[in-house]
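Novice: Whole structure, please, built from the sequences with the hints as guidance.
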Amino acid sequence: MEEKKFDFNTIIGFGLIFIIILWMMYNGQKTSQNEQLEKARITKDSIQKAKQTAPKNEVVIASDSTVTDSAKIKQLQGTLGSFAYSSTLPSAKENFTTLENEFVRLKIANKGGYVVEAILKKFEKFKKNSGQLVELIKDNNSSFNLQLQTKDNRVLNTKDLFFEPTLTKVGENQILSMKLKAGVNEYLEYKYVLAPNKYLVDFDIQTRGLNTILDTSKSIDLQWDLKSYRNERSISYENRYAEIYFEYEDEKIDYVAQGNDKEENPEKATFIAYKQHFFTSILLTKTPFENAKLYSNDLVKDEKKDTIFTKQYKATIPLAFTNGELDYKMNWYYGPTDYNTLKNYDRNLEKIVPLGWGVFGWINKFIFIPLFGFLSSFMGLGIAIIIFTILIKIAMSPITFKSFLSQAKMKVLRPEITEIGEKFKKDPMKKQQETMKLYNKAGVNPMAGCIPALIQIPFMYASFQFFPSAFELRQKGFLWADDLSSFDEIFKLPIHIPLYGDHVSLFPILAAIAIFFYMKMTSGDQAMAQPQQDGMPDMAKIMKVMIYVSPVMMLIFFNSYGSGLSLYNFISNLITIGIMLVIKKYFIDSEKIHAQIQENKSKPKTESKFQKKMREMMEQAEAQKKAQQKKK
Numbered sequence: 238m239e240e241k242k243f244d245f246n247t248i249i250g251f252g253l254i255f256i257i258i259l260w261m262m263y264n265g266q267k268t269s270q271n272e273q274l275e276k277a278r279i280t281k282d283s284i285q286k287a288k289q290t291a292p293k294n295e296v297v298i299a300s301d302s303t304v305t306d307s308a309k310i311k312q313l314q315g316t317l318g319s320f321a322y323s324s325t326l327p328s329a330k331e332n333f334t335t336l337e338n339e340f341v342r343l344k345i346a347n348k349g350g351y352v353v354e355a356i357l358k359k360f361e362k363f364k365k366n367s368g369q370l371v372e373l374i375k376d377n378n379s380s381f382n383l384q385l386q387t388k389d390n391r392v393l394n395t396k397d398l399f400f401e402p403t404l405t406k407v408g409e410n411q412i413l414s415m416k417l418k419a420g421v422n423e424y425l426e427y428k429y430v431l432a433p434n435k436y437l438v439d440f441d442i443q444t445r446g447l448n449t450i451l452d453t454s455k456s457i458d459l460q461w462d463l464k465s466y467r468n469e470r471s472i473s474y475e476n477r478y479a480e481i482y483f484e485y486e487d488e489k490i491d492y493v494a495q496g497n498d499k500e501e502n503p504e505k506a507t508f509i510a511y512k513q514h515f516f517t518s519i520l521l522t523k524t525p526f527e528n529a530k531l532y533s534n535d536l537v538k539d540e541k542k543d544t545i546f547t548k549q550y551k552a553t554i555p556l557a558f559t560n561g562e563l564d565y566k567m568n569w570y571y572g573p574t575d576y577n578t579l580k581n582y583d584r585n586l587e588k589i590v591p592l593g594w595g596v597f598g599w600i601n602k603f604i605f606i607p608l609f610g611f612l613s614s615f616m617g618l619g620i621a622i623i624i625f626t627i628l629i630k631i632a633m634s635p636i637t638f639k640s641f642l643s644q645a646k647m648k649v650l651r652p653e654i655t656e657i658g659e660k661f662k663k664d665p666m667k668k669q670q671e672t673m674k675l676y677n678k679a680g681v682n683p684m685a686g687c688i689p690a691l692i693q694i695p696f697m698y699a700s701f702q703f704f705p706s707a708f709e710l711r712q713k714g715f716l717w718a719d720d721l722s723s724f725d726e727i728f729k730l731p732i733h734i735p736l737y738g739d740h741v742s743l744f745p746i747l748a749a750i751a752i753f754f755y756m757k758m759t760s761g762d763q764a765m766a767q768p769q770q771d772g773m774p775d776m777a778k779i780m781k782v783m784i785y786v787s788p789v790m791m792l793i794f795f796n797s798y799g800s801g802l803s804l805y806n807f808i809s810n811l812i813t814i815g816i817m818l819v820i821k822k823y824f825i826d827s828e829k830i831h832a833q834i835q836e837n838k839s840k841p842k843t844e845s846k847f848q849k850k851m852r853e854m855m856e857q858a859e860a861q862k863k864a865q866q867k868k869k
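Position one of the sequence shown corresponds to residue 238 (the working numbering), numbered consecutively onward.
The set of hints was computed from the structure by calculation and includes no laboratory data.
Among the hints, erroneous ones may be present.
Estimated spans, in silico, between C-beta atoms of each pair [what the hints assert, rightly or not]:
1. Trp717 with Lys344: 36 to 42 Å
2. Pro607 with Lys344: 36 to 42 Å
3. Trp594 with Ile734: 30 to 36 Å
4. Thr403 with Gly561: 55 to 61 Å
Glycine included, C-beta positions come from ideal geometry on N, C-alpha and C.
Specialist: The following block contains the structure:
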């Protein structure tokens with residue numbers, strides 16, 4: 238058989254036929270549209286007549302200012318049901334209403350009725366973008382949706398429907414009512430109330446007359462999503478403190494773990510906070526949410542590429558009907574993650590500021606925050622850190638003195654302890670007994686040097702929590718550091734060094750040098766103060782290693798930390814060195830200590846209950862050991 242082929246004329250013929258068909262379809266559609274438009278030109282009198290004669294399930298109500306297109310409503314009812322009415326109102330177009338006070342500017346969209354822009358007027362983004370205000374919500378990074386279940390098994394999303402805005406003012410309060418209407422008296426309402434000088438916005442959700450439309454036997458899912466924008470210089474440092482916090486079950490506070498695809502399912506939640514480092518978006522409710530599903534995902538995979546967002550947050554919260562209606566009194570908070578600002582609202586919000594647990598949190602709440610707040614109220618932040626550090630170190634100086642004094646005493650006793658160790662080398666139990674007798678006679682407590690050091694540890698740990706959370710430090714400069722809440726870069730590296738970064742910060746270098754000299758000066762005394770025990774590592778060798786390891790760790794881990802914390806550590810170590818030199822020169826005399834110890838030895842000693850118990854336990858252990866040896 239011959240192969241069939243299309244010649245050029247055949248191709249042209251088919252092309253002409255295709256063009257003619259398109260032309261006919263276009264004219265047919267245009268004619269149909271003209272016919273529909275002609276039918277839609279009805280008068281107000283005919284609408285009123287239609288309202289009286291229309292079936293109950295067909296909405297043909299006109300708005301106050303325009304004539305309603307009944308054909309359009311019928312078409313919309315195919316997908317929206319009774320809520321087709323909301324799409325025929327004048328608000329059924331992309332428009333916005335703005336609420337604004339001295340602190341925030343909020344833009345609420347007709348479509349969805351939720352906040353599509355939240356700007357904090359008092360704060361700017363990191364210095365590189367100086368002049369650009371902090372924007373928590375913009376460019377569709379956030380959505381708020383109620384998933385409605387109708388009685389005819391439809392699922393409608395409020396974020397896709399149009400609300401009718403009504404803005405009023407009562408006194409100094411701005412009140413915005415956003416209504417999603419199914420009729421004149423049938424609606425879902427979002428009500429926003431913004432007062433002056435507040436970051437907290439009243440936000441109510443309620444329904445009226447929708448119990449014949451919505452399936453009130455089922456809860457409505459509230460869905461709140463947010464991708465948090467980067468607002469600080471170091472995205473990795475900012476991301477470290479970005480997480481979801483929530484309050485649940487009678488004022489308990491918890492958070493969703495950081496990382497990829499992390500979830501929590503709290504019950505009786507009263508607020509959910511999408512926390513960034515220094516700014517937070519919070520949804521609060523006076524009626525606790527029975528349960529909630531919270532989700533967090535880390536969006537920073539590569540610091541060089543992922544530079545816009547830090548975290549993806551999601552919350553799904555069922556809202557229950559009460560007597561056929563929704564009625565939730567809630568609030569939005571768009572503002573700084575500042576301890577004092579949050580505390581002023583008396584809603585437990587300050588607990589989202591990570592100050593540490595237990596005693597560490599108490600030190601921050603009752604000592605660090607009040608003291609630093611007082612100092613920073615009348616002096617520059619850098620000077621405030623220095624004065625703050627000096628006051629803390631002076632307050633701790635008696636403890637430091639006792640620690641150094643104990644080390645000096647142990648150093649004096651070191652030769653005698655070594656002699657006991659050589660004499661009873663083959664009898665560890667006897668050696669321990671004799672060492673304890675020496676301590677008792679000399680009036681020396683080997684734990685006296687450890688206890689003061691342990692007391693200082695909570696203050697050190699509290700500082701590691703306090704300075705990264707101190708909102709006051711944000712964008713406040715000191716010397717070469719232009720932002721004490723971020724790293725103080727003095728040199729940009731051409732490469733990225735793992736763990737260290739792509740820049741050099743100066744305050745961590747100074748802190749590392751101070752730590753090196755401090756450990757160099759004290760390591761010998763500390764090693765001499767610790768008697769060598771059989772089977773225990775040599776303290777002298779450990780100290781020699783730590784002299785170099787500690788400064789290197791400071792350089793690596795603090796290079797990208799906030800410079801305020803590095804400044805604190807630098808000043809703290811300098812002051813400690815100074816205190817140590819003063820104590821050694823003016824308060825500790827080795828010869829006097831030795832003479833005092835010898836005098837103590839000559840005095841009769843009364844055993845304390847603890848010492849007596851320890852002696853009896855060692856004697857029992859020694860007796861058991863001898864009995865076992867005899868059996869062998």
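Novice: Report the numbers of all earlier hints that the structure fails to satisfy, in ascending order.
Specialist: 4
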